[in-house]
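Undergrad: So the protein sequences, as listed, match chains A and B.
Under our numbering, think of the first position of the first sequence as 1, with each following residue one higher.
Under our numbering, think of the first position of the second sequence as 1001, with each following residue one higher.
For the record, the hints were derived by calculation from the structure and aren't laboratory data.
Fair warning: this is a prediction, and the values are worked out from it, not measured in the lab.
From the three backbone atoms N, C-alpha and C, an ideal C-beta is built for every residue, glycine too.
Certain hints may be false.
Every beta carbon over 10 Å from chain B, so not counted as near; a handful from chain A, in silico [to be verified]:
1) Gln14
2) Pro61
3) Arg63
4) Gly84
5) Thr114
Using 30 Å as the maximum straight-line C-alpha spacing, the simulated DSS-like pairs for lysine-lysine come out as follows [said to hold, decoys possible]:
6) B:Lys1049 to A:Lys36
7) A:Lys19 to A:Lys71
8) B:Lys1100 to A:Lys52
9) A:Lys71 to A:Lys41
10) A:Lys40 to B:Lys1100
11) B:Lys1069 to A:Lys44
12) B:Lys1100 to A:Lys9
13) B:Lys1100 to B:Lys1069
14) B:Lys1100 to A:Lys36
15) B:Lys1100 to A:Lys67
16) B:Lys1100 to A:Lys19
17) B:Lys1100 to A:Lys41
18) A:Lys22 to A:Lys44
19) B:Lys1100 to A:Lys71
20) A:Lys22 to B:Lys1100
21) B:Lys1049 to A:Lys9
22) A:Lys22 to A:Lys40
23) A:Lys19 to A:Lys40
24) A:Lys44 to A:Lys19
25) A:Lys41 to B:Lys1112
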Amino acid sequence: DTAVSQTPKYLVTQMGNDKSIKCEQNLGHDTMYWYKQDSKKFLKIMFSYNNKELIINETVPNRFSPKSPDKAHLNLHINSLELGDSAVYFCASSQDFLQGNTGELFFGEGSRLTVL
Amino acid sequence: AQSVTQLDSQVPVFEEAPVELRCNYSSSVSVYLFWYVQYPNQGLQLLLKYLSGSTLVKGINGFEAEFNKSQTSFHLRKPSVHISDTAEYFCAVRNTNAGKSTFGDGTTLTVKP
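Here chain A stands alone, though its shape is the one from the complex (with noise of 0.2 Å):
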């Protein structure tokens, strides 16, 4: 059973265009996580999701909407996209840091964002 599973894992698309990324764990963590890594393998944080509620939201442009309809499953949705859009996007969840976990972060495969 995979414990943080993505789809789709590519997606090929035309600049303007919208397009989803879903994201759903099966580990029972509390918290998950949207992470974007570029061409040259930097890893930034976008988002992070506790129980449905949005805690860290870098500054990512308006573009990008997370939405979390339970706390297995993260969305992520970009409109108007972009060129400089293209990259890999990471879901990851990690149990509730609250509970004296240490944050330990569980990836997904990634999806492999190409805007043409």
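Assemble the complex: chain A is given as a structure, and chain B must be docked to it using the hints.
TA: Chain B in isolation, oriented as in the chain A frame:
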């Protein structure tokens, strides 16, 4: 605020040679330290972590790391690498009280035959 600096962006080594990947961090509070590995076309997975106690921590695949508080370092080592260790390695730090993990820029380890 906290930051992580991985001192080498690329480390090429021959198979069966020892390797050290260097990581320095900066933080005004106590932190937990992590090393993650990313194999080609895969997500990141935890290699090892330092929480407290013994400064030498052992991880999967024969890797180990040593926490040095005075030098604010957490270098990763392996005495003998394999071709299969070729991957991207990320050092990360997290505040023990709360907050997000901050990642270094990664080190590409390439093991050559």
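Undergrad: If a hint holds in the structure, say so; if it does not, say that too.
TA: Tested hints:
Look at Gln14 of chain A: its CB is around 24 Å from the nearest CB on chain B, clear of 10 Å, so calling it non-interface holds up. For Pro61 of chain A, the shortest C-beta to C-beta distance to chain B comes to about 19 Å, beyond the 10 Å cut-off, and the non-interface label holds. For Arg63 of chain A, the requirement that its beta carbon stay farther than 10 Å from each beta carbon of chain B is met, with the minimum near 22 Å. Annotated as non-interface, Gly84 of chain A keeps its C-beta farther than 10 Å from every C-beta of chain B; the closest such distance is 19 Å.
Look at Thr114 of chain A: its CB is around 14 Å from the nearest CB on chain B, clear of 10 Å, so calling it non-interface holds up. About 22 Å separates the Cα atoms of Lys1049 of chain B and Lys36 of chain A, which keeps this hinted pair within 30 Å; it holds. Of the supplied pair hints, the one linking Lys19 of chain A and Lys71 of chain A holds, its CA atoms being roughly 22 Å apart against a limit of 30 Å. Of the supplied pair hints, the one linking Lys1100 of chain B and Lys52 of chain A holds, its CA atoms being roughly 17 Å apart against a limit of 30 Å.
As the CA atoms of Lys71 of chain A and Lys41 of chain A are separated by approximately 28 Å, the hinted pair is consistent with the 30 Å bound. Our distance criterion of 30 Å between C-alpha atoms is met by Lys40 of chain A and Lys1100 of chain B, whose separation comes to about 21 Å. Only pairs whose Cα atoms come within 30 Å are accepted, and Lys1069 of chain B paired with Lys44 of chain A is accepted, the gap being roughly 25 Å. At most 30 Å may separate the alpha-carbon atoms for a hinted pair to count; Lys1100 of chain B and Lys9 of chain A meet this at roughly 25 Å.
Taking the CA atoms of Lys1100 of chain B and Lys1069 of chain B, the gap is about 21 Å. The hint holds against a cut of 30 Å. Our distance criterion of 30 Å between C-alpha atoms is met by Lys1100 of chain B and Lys36 of chain A, whose separation comes to about 14 Å. A C-alpha spacing of about 19 Å is found between Lys1100 of chain B and Lys67 of chain A, which places the hinted pair at or below 30 Å, so the restraint holds. Between Lys1100 of chain B and Lys19 of chain A, the direct Cα distance comes to roughly 26 Å. Compliance with the 30 Å bound is thereby established for this hinted pair.
Proximity of Lys1100 of chain B to Lys41 of chain A is assessed by CA-CA distance (about 19 Å); at most 30 Å being required, the pair is judged to hold. Annotation: proposed proximity of Lys22 of chain A to Lys44 of chain A holds, straight-line Cα distance about 18 Å (limit 30 Å). Our distance criterion of 30 Å between C-alpha atoms is met by Lys1100 of chain B and Lys71 of chain A, whose separation comes to about 18 Å. Between Lys22 of chain A and Lys1100 of chain B the CA atoms are separated by roughly 21 Å; this keeps the pair inside 30 Å, and the hint holds.
Distance hint between Lys1049 of chain B and Lys9 of chain A is fulfilled; the C-alpha atoms sit about 28 Å from each other, no more than 30 Å. Proximity of Lys22 of chain A to Lys40 of chain A is assessed by CA-CA distance (about 24 Å); at most 30 Å being required, the pair is judged to hold. Pair hint Lys19 of chain A plus Lys40 of chain A holds up; C-alpha atoms about 23 Å apart against a cutoff of 30 Å. Only pairs whose Cα atoms come within 30 Å are accepted, and Lys44 of chain A paired with Lys19 of chain A is accepted, the gap being roughly 20 Å.
A hinted pair counts as satisfied when its Cα atoms are at most 30 Å apart, and Lys41 of chain A with Lys1112 of chain B qualifies at roughly 21 Å.
Comparing the model with each earlier hint shows no violations; every hint is respected.
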